[in-house]
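Trainee: Full structure from sequences and hints, please.
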Amino acid sequence: MRRQLQIRDRWEEQRLVISRLVFTAVLVVAMSGVLVWRLFQIQVSHHEVFAELAQGNRMRIEPLAPTRGLIFDRNGQLLAENLPAWELVAIPEEIVDLQASLQALEALELLDPAERGNLVDAVNSHRRFERVVLANLTESQAARFSARRHRFSGIDIREGLIRHYPYGDLTGHSIGYMGSISAGDLERIDRANYAATALIGISGVERSYQEDLHGTVGFRQQLVNAQGRVLVDPAAVGASTDSMPGNLDTRWPVPGKNLVVSLDIELQLAAQMAMEGLRGAAVAIEPATGDVLALVSTPAFDPNRFASGLSYSGYRELETNPDKPLFNRALAGGYPPGSTVKPFLGLAAMNLNALNPDDPTYCAGHYSLPGQTHQYRDWRREGHGLVDLHKAVVESCDVYFYRLAVNMGIDAIDSSLRVFGFGAQTGIDIGGETRGVVPSREWKRNNFPRREDQTWFPGETVISGIGQGYTTATPLQLAHATAVLAAGARLKPRLVVATQTAVSGDVVRIDPVRLDSLPEIDARHWQRIREAMIGVTEDPQGTARLAMLQAPYRVAGKTGTAQVISLAQDEEYDEDALDERLRDHGLFIAFAPADNPTIALAVVVENGGSGSGLPAQAARRILDVYLAAEDYG
Amino acid sequence: MARRLFLDAGSSQAAIRNPFQGRSFMMDLPLAISSLAVCALGLVILYSAADQNMPLLLRQGVRLSVGLLAFVVAAQVAPSTLRMWTPWIFLASVGLLLWVLVDGAVGNGAQRWLDWGVIRFQPSELLKLSVPLMIAWYMHDRALPPTLLNLGVLACIIAVPTLLILRQPDLGTAALVFAAGALTVLLAGVSLRIIAACGVLALGMVPILWNTMLDYQRARVLTFLNPESDPLGAGYNIIQSKIALGSGGLFGRGWLNGTQSHLEFLPERSTDFIFAVMGEEFGLLGLLFLLGLYLVVVGRGLYIAAQAQDNFGRLLAGGLSLTFFLHVFVNAGMVCGLLPVVGVPLPLISLGGTSMVTLMAGLGILTAIHGNRRLLVT
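Residue numbers (the numbering used here), protein chains in the order written: chain A, 217 to 849; chain B, 111 to 488.
It should be emphasised that the hints constitute simulated quantities derived from the structure, not laboratory data.
Glycine included, each C-beta is placed from N, C-alpha and C at the ideal position.
Take every hint as true, because none was put in to throw you off.
Which chain A residues face chain B? A few, computed with CB under 10 Å, are given here: (1) R226; (2) Q230; (3) V233; (4) I234; (5) S235; (6) L237; (7) V238; (8) F239; (9) T240; (10) A241; (11) L243; (12) V244; (13) V245; (14) F266; (15) A270.
Mentor: Next up, the structure:
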C-alpha cells in the first residue's frame with residue numbers, strides 16, 4: 217500500500233476521543249446507577265422475602281419409602297410380608313480406608329469376601345452423602361457389629377424392612393422374589409416415586425404387580441446444607457426441637473396395595489410334596505375362573521435368599537445347579553405333550569367331522585403311510601385290535617391317532633390345538649412364559665435356516681398325532697387346556713384375584729377373563745371325550761387306573777409319555793439301560809370331580825418314565841388333598 | 111491554547127521535553143491505592159467464601175503478588191516501547207489461543223486452560239489486554255475517526271480472537287474480549303451512524319448465534335430470562351445468589367456469618383459468585399463501598415486517558431479502563447440477575463490467577479501512560 221502524506225488535525229482528533237471518553241464516563245455512571253438500583257431492590261426493598269427464603273433453603277426433602285403390600289393366598293394365608301431387619305450401611309465420605317474396613321467386616325463374618333469387588337464399586341460410584349447397603353444382618357450379626365461399631369468409621373447399621381416369604385420355596389416360582397433396581401427398571405419406573413426404594417420385584421407376582429405393591433413415596437423435611445448433609449433431623453433421637461424452624465413438613469408414604477392370589481397354599485404344599493425329589497412341574501387350575509390353585513416347579517428355590525441379599529457365590533450355586541432350580545418349568549419348560557394331546561385331537565376331529573367316534577379301526581401295533589415301508593410303532597407291540605375313539609383314548613392307542621392325524625392333515629391339527637391355547641402364551645399375569653410349539657408348514661418355514669429343512673414331510677404329520685416331533689407345550693398350557701376340556705370354556709389363567717387398599721382394607725375383586733377362541737363344539741362331542749378320559753382312570757384297561765384306584769371322586773384324565781431320544785426302527789426302549797436324563801418324560805392331565813370339575817391339573821415329571829406312573833401318582837395326591845378339603849369345607 | 115498542525119505520523123521529539131527525566135520508578139497513587147484496597151477487601155471476602163481455607167488463601171496471595179509484580183513492571187515500560195511490542199504481543203496471545211484449542215486442558219466441558227506444569231493459565235484472559243492494545247496500535251498511525259477500510263481491519267482484530275474463544279467454548283470471556291475491542295473502537299470516534307448500523311446487524315445475528323450456541327449456553331440464556339423455571343438445574347445459581355444478596359439486607363449478616371455461603375447453597379462462591387458472598391455478609395453498604403473503589407479505579411483510568419498525549423495512549427487507557435468497568439458490571443449484573451450467568455470473574459477479587467495478573471498489568475500500563483506524559487513546548 218502506498219503511504220500517502222496525510223494532513224491530520226490532531227487537536228480535532230484529541231477532542232473527538234475526549235468527547236467519547238466523556239460519553240463513556242456518563243455511561244459508566246448510568247450503568248453503575250442501574251446496578252445500585254437493582255441491588256437496592258434486592259437487598260432493601262425485598263430483603264424480608266429473601267431473608268425468609270434463606271431460611272427455607274436449609275430444608276431438604278428426604279424421601280420416605282412406602283411399605284410394600286402384603287400378599288395373601290385365597291384363604292388369607294400370608295405369603296409375603298415385611299420384617300424388620302438390620303442393614304449394614306456404608307457412609308462413603310466418612311470411610312477412611314474402604315478395603316481395610318471391608319476386610320475387617322469379612323473377618324467378623326458379616327460380609328462375603330467374594331462380594332468385595334462389587335461392594336467397592338458400589339461405594340465408590342454412589343452419590344455423595346447417600347448410604348450404601350453392604351449387607352442384611354441377622355440379629356446376632358447385628359449384635360456382633362454393634363459391639364465393635366467404634367472401630368468402623370463410616371460403617372453403621374440401620375433398621376429397615378426386609379421382604380420375607382413365610383412359605384419359603386413353596387412360592388418362589390409364583391410369588392417371585394425381589395432384587396436391586398436395574399438400569400432397565402429405571403427406564404420403566406417413575407424415578408421420583410422410587411426415590412427411597414432400593415429393591416424391586418424381579419420375578420413372579422412381585423414383578424408383574426410391582427406398581428400396586430410398591431405404593432407412593434412420602435417425604436420428610438430435614439435441616440441440611442445444600443450438599444445434602446443433614447444438620448438437624450427431626451426424626452433423629454435427641455434432636456432439640458427449639459433449634460429447629462417450626463415448619464419442617466412430613467408427608468407419610470402411602471403403603472402399597474395388598475394382593476390376594478389364587479393359590480391355595482395347602483394345595484401348593486401337597487403338590488410340592490408330591491413332586492418331592494423329582495424334576496418337573498405341576499399346575500392346578502380352577503376351570504370356572506382360571507384361578508391357578510397350585511403352581512409347582514421342582515426343584516424349587518427359597519426366595520428369601522434373594523430378599524436378604526444373595527451373595528455372588530450363592531447365586532452362582534443356584535445358577536450352575538444342573539437341576540436348574542431357578543428355571544420355572546411350569547411356565548417356561550417346553551415338553552412334548554405326548555399322548556396328552558390325544559383328547560384334544562379327538563375332540564377337534566369330531567368337531568371337524570373328520571372322524572366318526574364309533575367307527576372302529578384295526579390296530580396291528582404299527583402304522584405305515586401308503587406307499588412307504590417305514591413303520592410307526594404303537595407303544596403296545598402286539599397292537600390294540602379293533603379300536604374306536606373311546607378305546608383309543610382309554611388305552612392310548614397310537615395307531616388310531618396316526619391315522620386320525622393323517623386324515624386331519626397338519627393344517628387342521630395346527631389350528632385345532634391353538635384354540636385350546638397351545639402354541640401361544642396363556643396370558644397368565646406373571647412373566648416368564650414361553651409359547652411352546654404347535655408345528656405347521658409355516659412354522660417350519662420360519663424356524664429353519666436351511667432351505668432343505670423347511671419342507672414339511674408327511675411323516676411329521678403322523679407323529680404329531682401322538683404329540684411327538686416338534687410339538688411342545690408348557691405344563692401351564694397343558695393345565696389350561698385341560699381346564700378348557702373341563703369347563704367347555706377358556707378362562708385366562710391368573711394368580712392375582714383381588715387387591716386390598718392397606719389403610720381402608722377395601723378389597724377389590726378382579727373378574728375372571730374369558731377368552732373367545734373356542735369354536736362352537738357340539739355338547740355330545742364334549743361328552744364323548746370326557747367319558748373317554750373318565751375311562752382312562754376307571755376302565756380295566758385304562759392307563760391311569762392304578763393311580764386313581766378307589767378315589768372317592770371320579771377323575772377324567774389322560775397319560776402321556778414323551779420321548780427324549782428317538783429309537784431306531786428295531787430298537788427296544790429299555791429304561792434301565794438308559795442314562796437317567798435320557799429317559800422318557802412322563803405327563804398326566806386330569807380334571808375332577810368328572811361330572812362337576814373344580815380342579816384341572818397337569819403334571820410333568822422330567823425323565824419320569826411313563827405318564828401312568830409317577831405323574832399320575834403325584835396327581836392323585838394333589839387331587840386327594842384338594843377334593844378332601846373341599847368336602848370338609 | 112493554540113491549535114497546531116502536525117505533518118504525518120512522525121513525531122518531532124526535538125520539541126518535547128520529558129518532565130520525568132531522571133525518575134526511575136513510576137507509580138500512580140490514586141490507581142495503586144484504590145486497586146490495592148480492592149485486593150485487600152477481596153482477600154477478606156475470600157477468607158469467608160472459602161470457609162477459612164488458609165492454604166487456598168495463601169495461593170491467592172501468591173497470585174496477588176504476581177499481579178502486583180505485573181503492575182509494577184508494566185508501569186515501568188514506556189508506552190512507546192509497548193507500542194513497538196504490541197503486534198508481537200497480539201500475535202503471541204492469538205497463538206496461545208490456537209494452542210489451547212489444539213492441546214488445552216479441559217475443565218467444565220470447555221477447553222480453556224494451558225497447563226505448563228508450574229503455571230496453568232487461561233490465554234483468553236490475555237486478549238482482554240492485547241485486543242485494546244492492538245487497536246490502539248493500529249489507530250495510532252491513522253487519522254481519527256477510522257475510515258471504513260480501517261474499520262474492516264479493526265473488525266478482524268476483534269473477530270479472530272473472539273471466535274477462537276467462542277470455540278473453547280467460553281461465552282463470557284468472548285463477550286468481554288469483544289466488548290473490550292468494541293469500546294476501544296468506540297473511543298476512536300466511529301460515527302454514530304456506523305454504530306447504529308452495527309446494532310441492526312447484531313440484532314440480525316441473534317438467530318444465527320442462537321443456532322451455533324451449545325445447549326448449556328442456551329440453557330443459561332433461557333434460565334436468565336426465567337430462572338424460576340428450573341430451580342434445581344440451571345436457574346439454581348441465580349436464585350441462590352439473589353437469596354444471598356437479599357438476605358444480606360442493608361448492613362449484611364456480618365463477616366463469616368452468611369448462611370447461604372457457609373451452608374454451601376451458593377455455587378462458585380469463591381469465584382464467579384463471590385460478589386453475592388460480599389452482599390450477604392456486608393450488605394448493600396459493603397457493596398456500595400466496593401463499587402465506589404472500583405469507580406475510583408475506572409474514573410482514574412478515564413482521566414488518564416483524557417490526559418494522554420497521543421492516540422495510542424488515549425485509546426489504550428480508555429479501552430482498558432472501560433474493560434475493567436465492564437468486568438465489574440457484568441459480574442455484578444450476573445450475580446443480581448440483571449445479566450445472564452456467563453462466567454466473568456469479579457476483578458481483583460475472584461479466585462483465579464490469569465485474570466488477576468492481566469488486570470493488574472492493565473493498571474500498570476495505565477500508570478505508565480500517565481507517567482510518561484511529555485510537556486509540549488509551544
